[in-house]
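Asker: Line by line, the protein sequences give chains A and B.
The first sequence lines up with residues 1 to 399 when you count with full-length UniProt numbering.
The second sequence lines up with residues 1 to 543 when you count with full-length UniProt numbering.
Treat the hints as calculated values from the structure; they're not laboratory data.
Just so you know, these numbers come straight off a predicted model, no measurement behind them.
Worth double-checking, as some hints may not be accurate.
Stated by the list, open to error - No more than 30 Å apart at the CA atoms, straight line, and that leaves these computed lysine-lysine pairs for DSBU-like:
hint, chain 1, residue 1, chain 2, residue 2
1, A, K369, B, K70
2, B, K463, A, K40
3, A, K97, B, K514
4, B, K4, B, K208
5, A, K37, B, K514
6, A, K369, B, K508
7, A, K291, B, K532
8, A, K32, B, K154
9, B, K532, A, K32
10, B, K514, A, K34
11, B, K154, A, K97
12, A, K34, B, K70
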Amino acid sequence: MASQLVSISSTLLYAAFILYLIAMLPLAASIKSKSDKLVKIAITMVITGFVLQLTYFILRWIAQGHAPVSNMYEFITMFAIMIIGGYLITYFYFRTKLFGLFALPVSMLLMAYGSMFSREVEPLIPALQSNWLAIHVITVTLAYGILSMSAVAGLIYLLKAVPADEKSWRARFLEAIMAGIVTVLVFIATTVLMQNVIGYQDDFLYQDKQGQNQIAEYHLPSLINFEGAVPVEHMGENNYEEANHFHSGIELPPLIDSQKLNTVLWSFLLGLMVYGIIRLILRKRIIAVLKPWSNRADLNLMDEIGYRSVIIGFPIFALGGIFFASIWAQIAWSRFWGWDPKETWAFITFMFYTIFLHLRLNRGYEGEKSAWLAIIGFLLILFNLIAINLLVAGLHSYA
Amino acid sequence: MELKEIKCESCGHINPPGTQLCQSCGKMIDSDYDQNKIKDLMRYDGSAVRSKTRSKSIFDRIWIFFTSVKVGVSIILAITVAAAIGTIFPQEYYIPIGVDPGEHYQENYGTLGYLYYSMGFHNLYSSWWFLVLNGLLALSIIAASIDRGIPLFKSLSRQHVKKHGSFFRRQRLFLNTERPADTSSLIDAFSRKRYKVRQDGDSYLLEKGRLSRYGPYINHMGLILLLFGSMLRFFPGMYVDEILYLKEGETEEIPTTQGQYYVKNERFVIDTYDKEDGEVFQQALSEGSDLVSNFQTDIVFYKNNSTDIAGSSPDLEEIDEYSIRVNHPFSFGSYELYQSSYDNSQLKAMTFRVEDSSGNTIGDNFTINLDNPESQFAVSEDISVNMRAYSPDFLEVADNGTLVSATPVPTNPAFVFEVINGQESELSLLQIMNSTDITANNEYNIRFVGAEEHVASVLTVKKDYTIPFIATGFVIFLIGLSVGSYINHRRIWIRADGDLMFAAHTNKNYFGMKREINEVLESNGFEAVNDKLDEEDNDKNKE
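Assemble the whole structure, with the sequences as input and the hints as a guide.
Answerer: Structure representation (structure tokens):
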């Protein structure tokens, strides 16, 4: 029964993703259309998708008995859902059609990225068994969802404000962001292809920092491996036999997770390759392709949305990411603040947005400067959400 | 140059030196302000801000330094960057206890690690310079709040209704239109939108959400309290953070309570998830290692009734029983006991058996309690074992034949056993993995059967008097932040002598205000307000 709920909830999530994808069409068409009909269709689809996602959330919560915010898959999915929520609020307040064309892909990209992690339902470890789990994470993701709107507004602002073929740092940075998005897409596509479609798997036996034997599952050919790694074949149970897998011979000490680094390296190599091909086909920068769309944006409105979403999201982040977090840390770990890497990066995010607000209010950082800051803020959020959990060992590494 | 009070040319109001907009009629007094720095003169309502007015004495200079937003933001940035660097390698309290930190960082992270260590980043958040940065931040917050907050408060609480024409024209939202026969319906419409109305002749001031302007000052006060609270930790007695190592069955004094309270570890439990915990988890649970579902110490909490008499044995009175679990600490008074970790590395007892040369077990097994070992064990009717020597942490055999122990903790026990069979006896040295005959041609071997470990629960004893300050500080901060963020201060000035002049100002969200105003204006038959920002853009586009 409960297992069925889980599979139904996953299906709903998938359906929502497809809906958003389709909704992009009427939304794009509505930009040039005078009537409201197309945008109404698109928004109805987005609302339906949002409701499906909320149902996913509730069903999964019922099935596993705790809020589905306890591992990377659930957390990133929640973030993606909140971005849709943030978008809907922004739409109904500011009535901007164009905004969704950029907000929806951000959310879909995150959804796809989140599904790269283990989607299994897992029981909670003792430290996570608390009502604060739901309270803390839901508030934080809500804040993230709203703060992301400022980055979307910032992106649209910059796409319009920065001349696409300009030989300047700002144009190159903006284009670099596009290349980054291509890389993420390529990463998702390769992972799905190699892991789920082809089923490529090379196992390597290595010794971790504590000298324990571990098995690393490589779903991409090994360019970088652990020091002294031995290629092995899984023979069932706990038995492994030595085998012959492709291996470049480059080895790194166990301090660095070579398996993840290998994936990152492949993503960069393939991402840059794909980006290069795109450039060859287009014969211009990606930002130049997006330009006609962003040119319809009202810069003042984008600036306003960028500022408003920070001003609304920041107090929620302070509440959920600092205050609720501290209360729970005091209960679970006996100290409300311990400079754990995740806590520190929440603090850094908090401080960054205080800088944003002070510069904006007191030093006139409006328009383009504000847009850049909003994008940096979003990158900080992503860094704290993904890199800190995966790269740095701390109390929050739950994936 | 002597700082003089300024008399407004237009209305004659006497303004303090440094005022930029006349505090009565709003006419610009000092058009010489730095437009790059002060984008919106209305931010402090054009009042005289000390740091922008006086710059003569040393105190003025210091004041300007700390009130400067540039300096404040730089301090915040410095703290932020330092905090980020502090996460590159683990902090000192995360590295193994007892190792030399210098060597540890060098060994694990190479030259960069050593550099990190020698520059103090390994203990960043309690380093003196991190604390100095926080102190500077506190000074900056206090100075900036006084510098801007007080003039703003004065100017907002003494607003005059009548404004100069130039004041109207300078506002972002402005409308100059033909005066209607009756302005009162317009005013009423705004007052239905919860604007407070003040009138002076033909002039009106409509205002709501003034509290919003004080939000930043409220949140900064909260931060000061928070920073003050976190400094309190360095005073003795404000903060206790101790470890209580408690073996199962043991009763120990709770540290720092002067022998007043004791706690007994009745039982330590580790539960793991099993298949019955729900079929949904089946897949997760079928993969390899057990997943822990619960760490729990069942404790008995005692009060000692004989603390007055020095040296007397404690007279314990049971007060409470509790199961301490992760997320469920036990509290008494201002103290809290937390489940921190556990230790089962210490051996409690070892069991052996006697075997003859052909490998048959003789008689019963015997068990040695390592905390308090006995020396005689009767294995069967004729055979007994005598423990001649014991070393809890075996190092070597001394010249005189005794066993030398490295530490008193039983981590690597070794024994010399004498097996006595009637008149005959033979000796053997037994280590956990290894046994050596001492006498030649032994008939009997003693074999290791099994060991039992002590289970000790590690509890954290915590008392923190700084929490109320820090929590209150943060709550005030959050309230201030919400007031500043979610309330908008909106003001509308209307002057109905001659034409109808209409101007509006808000501290943020012009989009929302414009919508509100235009709705009222249009339903009263007026045209929509002009937005200077849009006009500027149109001008730009024309170029």
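Asker: Compare the structure with each hint and give your call.
Answerer: Verification of the supplied hints:
1. The hinted pair formed by K369 of chain A and K70 of chain B meets the criterion: a straight-line CA distance of about 16 Å does not exceed 30 Å.
2. At roughly 58 Å between alpha-carbon atoms, K463 of chain B and K40 of chain A are farther apart than 30 Å, so this suggested pair is violated.
3. Between K97 of chain A and K514 of chain B the CA atoms are separated by roughly 20 Å; this keeps the pair inside 30 Å, and the hint holds.
4. At roughly 34 Å between alpha-carbon atoms, K4 of chain B and K208 of chain B are farther apart than 30 Å, so this suggested pair is violated.
5. Taken as a hint, the K37 of chain A and K514 of chain B pair is honoured in the structure, with Cα atoms around 27 Å apart against an allowance of 30 Å.
6. For the proposed pair K369 of chain A and K508 of chain B, the alpha carbon gap of about 18 Å is at most 30 Å, so the pair holds.
7. The hinted pair formed by K291 of chain A and K532 of chain B meets the criterion: a straight-line CA distance of about 27 Å does not exceed 30 Å.
8. Our distance criterion of 30 Å between C-alpha atoms is broken by K32 of chain A and K154 of chain B, whose separation comes to about 51 Å.
9. With a C-alpha separation of about 28 Å, the suggested pair K532 of chain B and K32 of chain A falls inside the 30 Å cut-off, and the hint holds.
10. Restraint check for K514 of chain B and K34 of chain A: satisfied, since their Cα atoms lie roughly 24 Å apart, inside the 30 Å limit.
11. Distance restraint check for K154 of chain B and K97 of chain A: the Cα-Cα separation of roughly 44 Å exceeds the 30 Å cut-off, and the hinted pair is therefore not satisfied.
12. Our distance criterion of 30 Å between C-alpha atoms is broken by K34 of chain A and K70 of chain B, whose separation comes to about 47 Å.
Of the numbered hints listed earlier, those contradicted by the structure are 2, 4, 8, 11, 12.
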